[in-house]
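Chains as they are written, first to last, in the numbering used here: chain R, 172 to 350; chain X, 4 to 160.
One should not assume that every hint holds.
[As the list claims (entries may be wrong)] Calculated cross-link-like contacts (lysine-lysine; reagent style DSS-like; alpha-carbon spacing at most 27 Å):
id, chain 1, residue 1, chain 2, residue 2
1, X, K30, R, K180
2, R, K229, R, K187
3, X, K30, R, K229
4, R, K329, R, K229
5, X, K30, R, K232
6, R, K347, R, K302
7, R, K180, R, K329
8, R, K232, X, K31
9, R, K229, X, K31
10, R, K329, R, K302
11, R, K187, X, K31
12, R, K302, R, K330
13, R, K187, X, K30
14, R, K347, R, K330
15, R, K329, R, K345
16, X, K31, R, K180
By construction, these hints were calculated from the structure, which means they are not laboratory data.
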Amino acid sequence: MKIHTRIDKELVSQAKAQDTVALGRIYDLFVERIYRFVYVRVGRREDAEDVTEQVFVKVLKNIGSYEERGLPFEAWLFRIVRNLVTDYYRGRRRTFVPLDEAIHVVDPKPKPEEAVSVKLQYEEVLQQIRKLPERYQEIIELKFIEELTNDEISQILKKPVDQIRVLQSRALAKLKTYL
Amino acid sequence: MKPTEDAIGILAGLRTSEALAPSARFKKNARIRFLNRIEPVKGVAHTKSMAVAVAFRFALLGILAVVLIGESLVYVAGFSAPGGILYPVKVATQKNIPSPEPTVAGSTGISPEESSPSATPTFHPTPVTVLGDTVPVIEAPAEFPANIPLLPKLPFP
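Model the full structure from these sequences, guided by the hints.
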């Protein structure tokens with residue numbers, strides 16, 4: 172099932188005028204996706220929350236200057252997210268989150284045994300994704316988790332679509348060797 | 004090694020996994036903080052009134068320009084000769100100038116006979132009394148002497 176959040180121009184223009192309702196709507200539409208993208212990359216819930224908040228602060232600051240001009244709002248937003256994740260790694264040395272800690276963070280509540288099994292599988296996948304080079308992580312996330320199209324990913328990463336396809340297949344192949 | 008389809012399926016499952024979802028508390032609090040940061044943008048919020056103000060200024064400037072150009076045109080047209088480009092303007096504007104009714108006597112006290120072109124103007128010198136003595140009025144010469152020097156002779160060359 173596609174989870175694309177199609178956002179109409181009217182909503183964006185209202186948000187550009189700092190309309191509270193429109194900005195609140197944009198927050199509701201994107202907060203989970205942004206958090207998920209960030210969390211997969213940073214691996215710590217607290218950091219993911221900080222970066223997610225920073226994303227919306229930056230959106231608020233820069234939305235007035237947003238012009239579509241071939242760049243959809245969603246792609247513009249994910250560029251911000253991507254830049255802030257990069258800033259996060261620049262400002263803080265990347266640390267490895269042990270698997271048991273990660274499980275504790277993401278699964279605080281007791282679950283049925285089968286659900287825990289699935290969770291462990293997800294956590295294992297996440298750990299393997301985080302071992303990938305950064306460019307592969309981005310591709311894996313944007314393509315297979317967020318289900319963005321190659322055109323959208325091309326706009327976010329500012330790379331040709333052909334290169335995106337190549338990166339996808341390489342990233343997936345690399346991930347398979349870890350799983 | 005798992006098949007590619009499995010890997011893609013697991014990745015897709017991550018999307019709906021609660022493990023990757025933000026907590027409800029964070030979502031709520033971050034939303035409040037986000038909306039509290041919103042400030043009205045002057046340049047955007049008042050776009051309509053600003054547009055009206057700008058339009059009004061342009062309208063004023065336009066009116067001023069039309070008036071200045073019109074006045075200048077009329078002024079320049081005043082010097083134009085028949086056949087000139089601006090001569091019609093001159094005629095049109097001069098027609099609009101109200102001219103007084105051509106009265107024969109007017110307020111000058113000249114009789115209609117005197118004001119007629121055929122009448123010869125006459126001069127009636129009146130003696131003037133100065134300190135009790137009557138001073139005759141010297142009549143001006145009929146024609147001004149042609150050889151009268153304009154400047155007096157100076158004592159040096």
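Here is what the structure says about each hint:
no. : hint            : in the structure
1   : X:K30 - R:K180  : 25 Å, holds
2   : R:K229 - R:K187 : 13 Å, holds
3   : X:K30 - R:K229  : 17 Å, holds
4   : R:K329 - R:K229 : 20 Å, holds
5   : X:K30 - R:K232  : 20 Å, holds
6   : R:K347 - R:K302 : 12 Å, holds
7   : R:K180 - R:K329 : 22 Å, holds
8   : R:K232 - X:K31  : 21 Å, holds
9   : R:K229 - X:K31  : 19 Å, holds
10  : R:K329 - R:K302 : 23 Å, holds
11  : R:K187 - X:K31  : 22 Å, holds
12  : R:K302 - R:K330 : 22 Å, holds
13  : R:K187 - X:K30  : 22 Å, holds
14  : R:K347 - R:K330 : 24 Å, holds
15  : R:K329 - R:K345 : 22 Å, holds
16  : X:K31 - R:K180  : 26 Å, holds
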